[in-house]
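**Student:** Sequence:
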Amino acid sequence: MATKIIYFTVNGRPEQAEFPVDCPAQDVKDLFRSAAEAGPHDILKLYNPKGNIINISPSLEPNSPNSCYKLEVVASDCNSELLGAELAGALGFDLSSMEKRLQGLEKKILIEAGDTPAVVYEMKKQVDSFREKLESVEHLSWLGLFKDLSEATHKPSPFYHKRTLRKTREECEHVREKFLEMSSLEVSEEVRQYLKTPTFDNWQWEDAEIMVLLQVMYTDLDFIATFNIESDVLQRFLFEVYRRYNNIPFHNFKHCFCVTQMMYGLIWLTDLRSKMDSTDLLIVLTSAVCHDLDHTGYNNAYQINARTELALRYNDISPLENHHCAVAFEILEKTESNIFRNLSMDQYKRIREGIIKCILATDMTRHNEILTKFKSILPTFDFANKDHKDVLMMIMIKVSDISNEARPMEVAEPWLDCLLQEFYNQSDVEKLEGLPVTPFMDRDKVTKPSSQTGFIRFVLLPLFIELANLFPCLEQHIIDPVRKALDYYTEMEKALEREKQRPQSENGSKSKETARDAGFDALKPEVQ
Numbered sequence: 001m002a003t004k005i006i007y008f009t010v011n012g013r014p015e016q017a018e019f020p021v022d023c024p025a026q027d028v029k030d031l032f033r034s035a036a037e038a039g040p041h042d043i044l045k046l047y048n049p050k051g052n053i054i055n056i057s058p059s060l061e062p063n064s065p066n067s068c069y070k071l072e073v074v075a076s077d078c079n080s081e082l083l084g085a086e087l088a089g090a091l092g093f094d095l096s097s098m099e100k101r102l103q104g105l106e107k108k109i110l111i112e113a114g115d116t117p118a119v120v121y122e123m124k125k126q127v128d129s130f131r132e133k134l135e136s137v138e139h140l141s142w143l144g145l146f147k148d149l150s151e152a153t154h155k156p157s158p159f160y161h162k163r164t165l166r167k168t169r170e171e172c173e174h175v176r177e178k179f180l181e182m183s184s185l186e187v188s189e190e191v192r193q194y195l196k197t198p199t200f201d202n203w204q205w206e207d208a209e210i211m212v213l214l215q216v217m218y219t220d221l222d223f224i225a226t227f228n229i230e231s232d233v234l235q236r237f238l239f240e241v242y243r244r245y246n247n248i249p250f251h252n253f254k255h256c257f258c259v260t261q262m263m264y265g266l267i268w269l270t271d272l273r274s275k276m277d278s279t280d281l282l283i284v285l286t287s288a289v290c291h292d293l294d295h296t297g298y299n300n301a302y303q304i305n306a307r308t309e310l311a312l313r314y315n316d317i318s319p320l321e322n323h324h325c326a327v328a329f330e331i332l333e334k335t336e337s338n339i340f341r342n343l344s345m346d347q348y349k350r351i352r353e354g355i356i357k358c359i360l361a362t363d364m365t366r367h368n369e370i371l372t373k374f375k376s377i378l379p380t381f382d383f384a385n386k387d388h389k390d391v392l393m394m395i396m397i398k399v400s401d402i403s404n405e406a407r408p409m410e411v412a413e414p415w416l417d418c419l420l421q422e423f424y425n426q427s428d429v430e431k432l433e434g435l436p437v438t439p440f441m442d443r444d445k446v447t448k449p450s451s452q453t454g455f456i457r458f459v460l461l462p463l464f465i466e467l468a469n470l471f472p473c474l475e476q477h478i479i480d481p482v483r484k485a486l487d488y489y490t491e492m493e494k495a496l497e498r499e500k501q502r503p504q505s506e507n508g509s510k511s512k513e514t515a516r517d518a519g520f521d522a523l524k525p526e527v528q
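In terms of full-length UniProt numbering, the sequence shown is residues 1 to 528.
Calculated from the structure, these hints are not laboratory results.
Don't take each hint at face value.
Distance ranges between label pairs, derived from CB positions [to be verified]:
1) N11 with T365: 50 to 56 Å
2) P439 with Q204: 32 to 38 Å
3) D480 with P49: 51 to 57 Å
Keep in mind that this is a model prediction, so the values were computed, not measured.
Positions of the beta carbon are idealized from the N, C-alpha and C atoms, including for glycine.
Could you build all of it, start to finish, from the sequences and the hints given here?
**Tutor:** Structure, rendered in structure tokens:
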């Protein structure tokens, strides 16, 4: 049986892991957890030689002792009892001897035995049975009939045939249990500092881990102490937020985290804590957390044209953003998840007003209105002026909401792929239902690079530049990366055009998709 050997270090100590190429993912994770002597709920991350987090899975690329990965416990329970080497030493065991015996046993089971215990087969049968139940509604997903506000969780996602649109009770409980197990972990200082930067990579963090990081943000900005937020209430709030984001490719819980993390980073990069009070900072961070709650993957234009329940309820005025606000305050109306429950009535009214203003500002139809107002006050901007601060807070959530291109390309580009999935699905449904087709979502007219070049040039850069006029320190953090992204997609677009202009091959012309892929492949080596 073919095996992989992975070389890595733990606390400077060289280690190696050997496992079959078809080893179950959980077994690989357990192997690394054992090597790090980590507790069952500690958070582990593996870094490649460039310092990027990579996924601990059977698909890990084999390496050599000269290109070791680095394994770190980035969040651990500081109050836990002795583990691993410490415990063995305390009890007088020869740990190295025990490790050799353990490795020998693992090798026998994984490589030589080859037999899977009967209980594992039984579990697989149960999983397959559950999967079949979910897939029994797969044939409905292409119709796009998902525009009502029903709370039913059995409705399939139009994007993931094996998942429901809204999270199931089982799905939520599994994540909630993991989060509660991790919630008391002490996150490392290195990760806490990384969390303050626009280069943070969301893709290597699971949902329960993301909730731990959101908890860190509320803690490190001193919101817990300042606003007397109980830890169990904050945890319940974060879980309810997670529960109310849907299983869709882009406007999901990870997007919520990315927007919040960018807002958090901006607060630290601009030293906003010295310029605005804690209440304003609580407003912008909580607005970011809640800004796309219960998004179903169809924009306001679709809601209005299809006359959905949302459009009827909000009279065609920012139906999505109004709904996101309403869901946020549904969560906050429940005592067990109301992080503002210990505030005075005046404080609550101010926070509610601020969150509503911020979330409604994310409606892109108001983009020019808000940006024009911000530009007009910039020459005389005054942090003591409430109207000025209100506009700045709207600008900051707008920047955070569309900030993916300010991130490293390996983080940003997968987000564009997710966004295009939602765009293409909406245009398909619009055609199916005889509705006006949103031009920038039409898969027959829009390519990956063309979707970005105009957006970056005419929307992103003008917005980011104005914020940097107030905070010049942001130039290197968000404007330089966006300019590089514009160059990247401009070159990609040119490569695609060159591919289209090539003469037909002897085997016939290539498909549009093939040309697009070839254009990307031709471009990436020279740009990245």
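**Student:** Next step is simple, just say for each hint if it's right about the structure.
**Tutor:** Consistency of the hints with the structure:
1. N11 with T365: 50 to 56 Å: holds, 53 Å
2. P439 with Q204: 32 to 38 Å: holds, 35 Å
3. D480 with P49: 51 to 57 Å: With a Cβ separation near 25 Å, D480 and P49 fall outside 51 to 57 Å, so the hint is violated.
This entry does not satisfy hint 3, going by the numbered hints stated previously; all others are met.
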